[in-house]
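Novice: What follows is each chain in one-letter form.
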Amino acid sequence: MRKRYVSFSLAGGRYCIPVDQVLQILRLEDLIEIPKPPPYVEGVINLRGDIIPVVSLRTRLDIAGGEPAGRGAPDQRKRRVVITRVGGKPYGLDVDEVREIVEIEEGGISTDATTMFGVRADFLLGIAQREEGVYMVLDLPRVLGTSREIPGALAGQ
Amino acid sequence: MSGIEETRLRRAFLEESEELSQKLGESLMALEADRANALLVNEVFRLTHSLKSESALMGFGTLSELAHRMEDVLGCARDGSLSLGKPVMDSLFAGADLIAEMMAAIAKGGSDADFKTGDVLQGLSEARGNGHDRPPAPSHAAPAQGGQPNEALPGITATVEAAPITLGAFEKLQLAEARDRGEDLLRLTVSVDEGEPMKFPRAYLVFSNLEAVSNVVKVVPPMEGETAEDSVYGRTTILLTSGSEEEVRRAASRVDQIAEVKVERCRFEAFLSAAAVDAFIVPVPGLWTAGAFAGGGPETATTSAGQDEQARRSESPEARRTGPVEKTSIRVDTRKLDDLWSLIAELVLHKSHIARLSEDIGRGKDVHTVREELVESFDSLDKISSGMQQTMMDTRMIPISVIFSKFPRLVRDLSRKLGKPVDLLLSGEDTEIDRSIVEALSDPLTHIIRNSLDHGIEFPEERVRRGKNEKGRVSVTARRQGGTIVIELEDDGRGIDAESIRRKAVGMGVSGAESFTEAQLLDLVFLPGFSTKEVVTDVSGRGVGMDVVATRIRGDLKGDVVLRTEPNRGTRVTLLLPLTLTIVNALLVRGDVQLYALPLTDVDSTAKLVSAEIRGEEGHESALWMEEEIPVYSLGALFGSGRRRTDEYFAAVLRHGDRKAYLVVDELIEEREVVIKPVDDLLNSQKMFSGVSVLENGKLVFILDTSFIRREHF
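Protein sequences appear in the order of chains A and B. Numbered as in my numbering, the first sequence ends at 157 without a single skipped number. Numbered as in my numbering, the second sequence ends at 871 without a single skipped number.
Hints in this document: simulated from the structure, not taken from any laboratory. Cβ coordinates follow ideal geometry from the N, Cα and C atoms, glycine included. One or more hints might be untrue.
Within a straight-line C-alpha distance of at most 20 angstroms, the following computed DMTMM-like cross-link-like pairs (lysine to aspartate or glutamate) qualify [unchecked claim]:
#1 Lys36(A) / Asp823(B)
#2 Lys3(A) / Asp30(A)
#3 Lys563(B) / Glu853(B)
#4 Lys765(B) / Asp838(B)
#5 Lys628(B) / Glu33(A)
#6 Lys844(B) / Glu33(A)
#7 Lys36(A) / Glu258(B)
#8 Lys834(B) / Asp20(A)
Label pairs and their computed distance ranges (CB to CB) [to be verified]:
#9 Val750(B) / Arg130(A): 41 to 47 angstroms
#10 Ala502(B) / Asp50(A): 49 to 55 angstroms
#11 Ile501(B) / Asp50(A): 20 to 26 angstroms
#12 Asp75(A) / Gly793(B): 35 to 41 angstroms
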């Protein structure tokens, strides 16, 4: 069984999330700032009347500092918000560039050595190796703190 | 039966039977007060009979048997062979309770078979045996499965020969659309076998089969909502549209115990043209309005508006998925729908008007003239949209009697159990309130009443000693006051001694308790640590769990609760609730560049504060308000970079319960209505907001949850 993933780049690294978690991909426009947000929430966007929080994956995954040489600065024209639905609620992910849909074998995601990529290992479902390189497969419920296994994961932030 | 059909039947069953079960409880209460009333005996008999039939159809044998045995007892009462003494009434109450419990279990996906009915059945049969004034008639000694004598009931079995068909605006629209699609209009007359004891289930199966293959427009008597007496379903008229008459015939004939299905083709015009429609309807004087969208008599129909109230609430998806059968249909007075319909008609009118205006511009018509017409059209659209908003709100409103009707039974049972005779006075039952609030209100109200009887009302001897009427009095009133619903629960019991609360508070180390006003002291009862039994019992008067009441009312429902008491005279708990949770009247304010809305229920007034009046150091400032020292917060300090330094500040005086506080803002903008949308926890880590709202210009407004005043203070 192959599953489809949306891949995107952040600070030069390759990430992906299952295609069925993605609702829509938008340009990052009309970001509304909000009072006292947690550090990784950049603001909200108003998508047809729904108020959707936009999460900075750089801050959340703590990869702002871990940029491979010279490739860290995002190109503003390519910057996108990936609207995802997790736990029944929409969230926007601020990413540097949305790349393509990749297909990964179900068994092709390795949970070994997830600590080697400078990202909190508990935010990763695993690593997928493909010809063009390594993809980090994100565990969105955990990244967004909606996972039930870590209740209040965001509360203390 | 297919899965979908089964789900549909099950849902229909639940909707019907929950109502039957609730009415059964109410009617029993009425019967107990007026045992000689033959109409009430009949009513209760009818309800148990319907419950029996419906549950039997769905295969809920245990429930059906219980209802059957209750029906037997009532049958004896009806023909005069059994008098309704206390044991008989108690056994009927026990049966009704058990049925209600079974219904609740079934609604959650469980089964009636999980319940032990032995004791209750025993009670029923003993009641029947002992209560006989004369030997039972043979027909009751061995009740035949199913066949009941109710067909012989006088007055309620008149079978309608040819049921007249009344079509509402929506149904006419359905017909017009079907005609445009080129479908046939068919009228089916379904007759159930004379000997079939349960006619409704048979007719329902036909209806359900037909729904699967055609568009059923109207059924007389109705299959959903207010259904009629079972025997009326001996003949059912079904009006439907379909592309295939053959398929309809097949579907209708697939049910056993159907004597005859007569299929007639009809002309659409016969139902659509205004003149002809009159031939089919029973006119109700004074209630008919002329016009294209007239229709719908004064009856209340069942309408599936697909409102998922649960989804609107902030429950987690897991919590919502607890039961396989969710209640997603609501009952709406057809008059409200007709109002909405005529607004939509106007809307359509203006839509085409605007389309024409844009053509006019294309044709080079004078821009100023077009502009004036546009402005006019906009004004009308504005009126229409607020009218639609209002009407939609109205469809969410239901009378509070839905909850109040449970109280007589509650008080009756408690008063017996505790040995405290109590009169219950209800008023304002027809006050309408948002249905989502009603659901959340039931528990807290029940709790407060329970407390009143448990801890407030004294035992008869003590009351006499204190010079009171031996019988206690509890009153529950509801009324609307502007945009607020006020519910008062009052008892004439022993009341609460505020000074003993003060002693307790000081003992527990509540800061400032020494100088609290009486109102502040009484408000402590709503604190979690304070309403534990140990504390309150010796404080006297109030029971456990008032903190839960406060959380529900102040937190979930954005309302307020206030307690007033006078020792030996009684206690009054006043609940203030918003009319609805979706729209709120609010004061719009600005802090830095961000807009905030303060719900008007939380705003006492606005004020100008001179900086010299503010005392204390930053973060712990206070100022005088009506001779009371209250804390001073500022939007800038709460959410931004701190407060600007000036000589004069604008502030809103917030109130939450008995607590007040100044909230310094950068600008007081206006009072207006805002539509509340839920705010994600990610954006609300401090729990400072109860929601967000988007203004017409796209600006985001955060709706402030004023309960922080209370939190900060302790």
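Novice: Decide, hint by hint, whether the structure agrees.
Specialist: So, going through the hints one by one against the coordinates:
Of the supplied pair hints, the one linking Lys36(A) and Asp823(B) holds, its CA atoms being roughly 17 angstroms apart against a limit of 20 angstroms. For the suggested pair Lys3(A) and Asp30(A), the alpha carbons sit about 33 angstroms apart, so the restraint of at most 20 angstroms is broken. Between Lys563(B) and Glu853(B) the CA atoms are separated by roughly 43 angstroms; this puts the pair beyond 20 angstroms, and the hint is violated. Our distance criterion of 20 angstroms between C-alpha atoms is broken by Lys765(B) and Asp838(B), whose separation comes to about 34 angstroms.
Restraint check: the Cα-Cα separation between Lys628(B) and Glu33(A) comes to about 61 angstroms, which exceeds 20 angstroms; the hinted pair is violated. With a C-alpha separation of about 17 angstroms, the suggested pairing of Lys844(B) with Glu33(A) holds against the 20 angstroms cut-off. In summary, the hint linking Lys36(A) to Glu258(B) is not supported, as the alpha carbons are separated by about 47 angstroms, beyond the 20 angstroms threshold. Of the pairs offered as hints, the one joining Lys834(B) and Asp20(A) is violated, with about 26 angstroms between alpha carbons and a cut-off of 20 angstroms exceeded.
Checked against the hint of 41 to 47 angstroms, the C-beta distance between Val750(B) and Arg130(A) comes to roughly 46 angstroms, which is consistent with it. Between Ala502(B) and Asp50(A) the C-beta distance comes to about 30 angstroms, which lies outside the given range of 49 to 55 angstroms. Range check, Ile501(B) to Asp50(A): about 25 angstroms between beta-carbon atoms, so the 20 to 26 angstroms window is met. Distance hint for Asp75(A) and Gly793(B): a CB-CB separation of about 37 angstroms, consistent with the stated range 35 to 41 angstroms.
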